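Protein chains: 2
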Amino acid sequence: MSEATLEAIVALCKRRGFIFPASEIYGGFRNTYDYGHYGVLLKNNVKNEWWRSMLQERDDIVALDSAIIQNPRVWEASGHLAGFTDPLVQCLGDCKQRFREDDLREEQLGAEDAEGEIRCPVCGGELSEPRQFNLMFETFVGPVQDESNKAYLRPETAQGIFINFKNVLQFSRKKPPFGIAQIGKSFRNEITPGNFIFRTFEFEQMEMEFFVPPADAGEWHEYWMEERLRWYSELGIRPEKLRLRAHGADELSHYSSATSDVEYDFPMGWSELEGIANRGDFDLTQHAEFSGDKLEYVDSGSGDRYVPHVVEPAAGVDRAMLSFMIDAYDTEEVEGRQRTVLRLHPRLAPVKVAVLPLVNKDGQPEKAREIYETLRELMPVEFDTGGSIGKRYRRQDEIGTPWGVTVDHQTMDDDTVTLRDRDSLEQVRLPTADLTEELTRRLKEPWTSPKLGAAA
Amino acid sequence: MSEATLEAIVALCKRRGFIFPASEIYGGFRNTYDYGHYGVLLKNNVKNEWWRSMLQERDDIVALDSAIIQNPRVWEASGHLAGFTDPLVQCLGDCKQRFREDDLREEQLGAEDAEGEIRCPVCGGELSEPRQFNLMFETFVGPVQDESNKAYLRPETAQGIFINFKNVLQFSRKKPPFGIAQIGKSFRNEITPGNFIFRTFEFEQMEMEFFVPPADAGEWHEYWMEERLRWYSELGIRPEKLRLRAHGADELSHYSSATSDVEYDFPMGWSELEGIANRGDFDLTQHAEFSGDKLEYVDSGSGDRYVPHVVEPAAGVDRAMLSFMIDAYDTEEVEGRQRTVLRLHPRLAPVKVAVLPLVNKDGQPEKAREIYETLRELMPVEFDTGGSIGKRYRRQDEIGTPWGVTVDHQTMDDDTVTLRDRDSLEQVRLPTADLTEELTRRLKEPWTSPKLGAAA
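Chains A and B, in that order, are what the protein sequence lines are.
Here my numbering is used: the first residue of the first sequence is 1, the next is one more, and so on.
Here my numbering is used: the first residue of the second sequence is 1, the next is one more, and so on.
Some hints here could point you the wrong way.
[Claimed, not checked] So the derived label-pair ranges between C-beta atoms look like this: (1) A:G27 x B:E251: 32 to 40 Å; (2) B:E370 x A:M412: 21 to 29 Å; (3) A:G27 x B:T440: 49 to 57 Å.
Read the hints as simulated data drawn from the structure, not as lab findings.
All values derive from a computational prediction rather than experimental measurement.
Where is the CB? At the ideal position from N, CA and C, for every residue including glycine.
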């Protein structure tokens, strides 16, 4: 068993077509990435599992997909226009580069709010006074580029949910406690993006705003912390690599009375996977004030009216995907050869089964193709005839395919195949006719990471 | 049987929570929309069906998800920076409004390229000389807003595919003919968006670039026209509402030697659902020139090298969804009452089954809940206890739920339920134990629109 370095993951992602640097033929574009075939499949599976946990397994949450470019008043009300900023300093010496002041203070003085002089980390030059830099990307809608046509790319999907609170209340027949869930891209003009897909300009969020009676907010906050931790561990992340960390009073956002981060033990240290905030009534109150609309819940029976409080689990798709890959990454020696394997939860694996003829003759490819065509009605399957069987297994191991079906000489005699397990490497022989049932059964079984067992 | 007006669809979309105007509490934001619960489910089903046809049912296409903000050189090479423009005129009279010159010519003179004077359609004022207005949204990446940091929101997903051609060739082991498919948002600063979700600033595309040996491009173009037409009609659009229209020589884009649009007979007339273009080697050649990289296919056996030609079926998710809803929309009188029903293909329907207790007592809700919890493991199901049974059926009809399971007095005696069909209104009684199998069977059956049968 072994742990992944970020370099090993980046290399695997490129080698197997999960993730490529964006605009690579043009020298790339800062810290931006494109997702290749297996990256798309894995990311879709992560999103589907989130939808499953939010929609299919419960009935108090509805879905939403709001626009990226909204009326700019939304960002006035939310506080982003005034306050979604980083402090920026520029080198007054030779290099003229820009840096986040808080990062430099932490690097050079040991704490963000420490007093003392900081210098340019590149050329040692003096630094300018800090100025506040807004992280929202600006654009203009319509043909005239003036203030009245300025608009913003959303920095979070959450506000799209708050501004639809009234519509959902009216047309979905929900009442508190209920949630609105959304998956979509957000954009932040980060000065220092980095760590592969951990922090990028554009990224995908999975956010859910859960509206509750004010008195119950604390309890629901606890509930969602537990739920979200469970989600990651049920999908295979080892519990010792996950923790909840409550924000200190100095870290809390202006809207939040309590926030805990789900953190993962990334190669660069414990870092945020997801923030779970008690946002109180801040957002609904702000939007009510700025829009002049009443954003409250009125109980049709008792006539009671109140502004619900909001508990928000806000996760990043790309980060979640990165943590699943890192946690699943493993290398081991098998019969004198090194193999790399992604021990992904079968529900997350981009491909569930590879169907491989042992040799490319004697009717084996045709038989394998036939099995492949049956199975692909039910699940994502690959048919692979390229190269030696060992090379094909190594490839499937690296993309995390949990099972391999091999068609060999014996198959042509008795219509049985071998079924190989990615993790245990156990091979069992079974009739071709039983494959569908066996694979469907295995896909539904609870699963724990074999890395977990090994560490125990 | 009846046909939908756009107004009827807009009203249904709001009433049932499919689609809301974006930023509605702030008076909206031009022609921008947010998708509510059933809108998200329907849109996801449309996208899943596209992925199914591109990935699961064949093995010559791989997936990609490229960034929205790429290196600006991409748009230089593609020709968008210089040529992705609309001609814009401004009123020199009182109102100072801006219009697309080509639209005004067509409205006032009957043809886009007609000679003659056009006037402001609002105040009758004189118009300025036209100037070319680029439809790409601009933004700045990083803290400095100067030319060197200018970037663009992609106006199409296609270019993200071309710039990854080399990566995919190298890491996915495909060779021509093969395709790269992508679903994602694109942005166009349209001067005259409109017709509900038909034309909006931000919209979702489903584009596939199919790379072929140059000599085969014409044949593949024909192939993809047929395939894409088939996709729409297999998902329930009536064939008489679909047509292929070849672009005239004056309509062709600079990159295309032949394009045909799949058009749907929308309430506002025949309009483009999807363009199927033979792009030749234009894009790969341009990116090779601008990047200095070789973008060609080299046959490892024969050593032959060539720049593949590209056939592109480029569809809009939002438009496809709109056409599915319009085509499915129907009203009829049943037992003296008017009902509205969305006759969606079951695979597209947001909810497959509604489980309804006839009355809210005598153990019926508990029994219905039990059935609901079994079924939701397999498909999207709703459990609905609110209001009279007739009211609940009308609601499910309007969101297009193909089947209703009703738990009644008899259920409590003999454990049978009634299964109602949305279209025929036929009700059959069957044992609860047989429900899963019956519904799974019905979901897999080929399906044609009952509106088709009625028209014949």
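Hints and how they fare:
1. A:G27 x B:E251: 32 to 40 Å: 36 Å Cβ-Cβ, so the 32 to 40 Å window holds.
2. B:E370 x A:M412: 21 to 29 Å: violated (48 Å)
3. A:G27 x B:T440: 49 to 57 Å: holds (52 Å)
Going down the numbered hints, you'll see the structure goes against just number 2.
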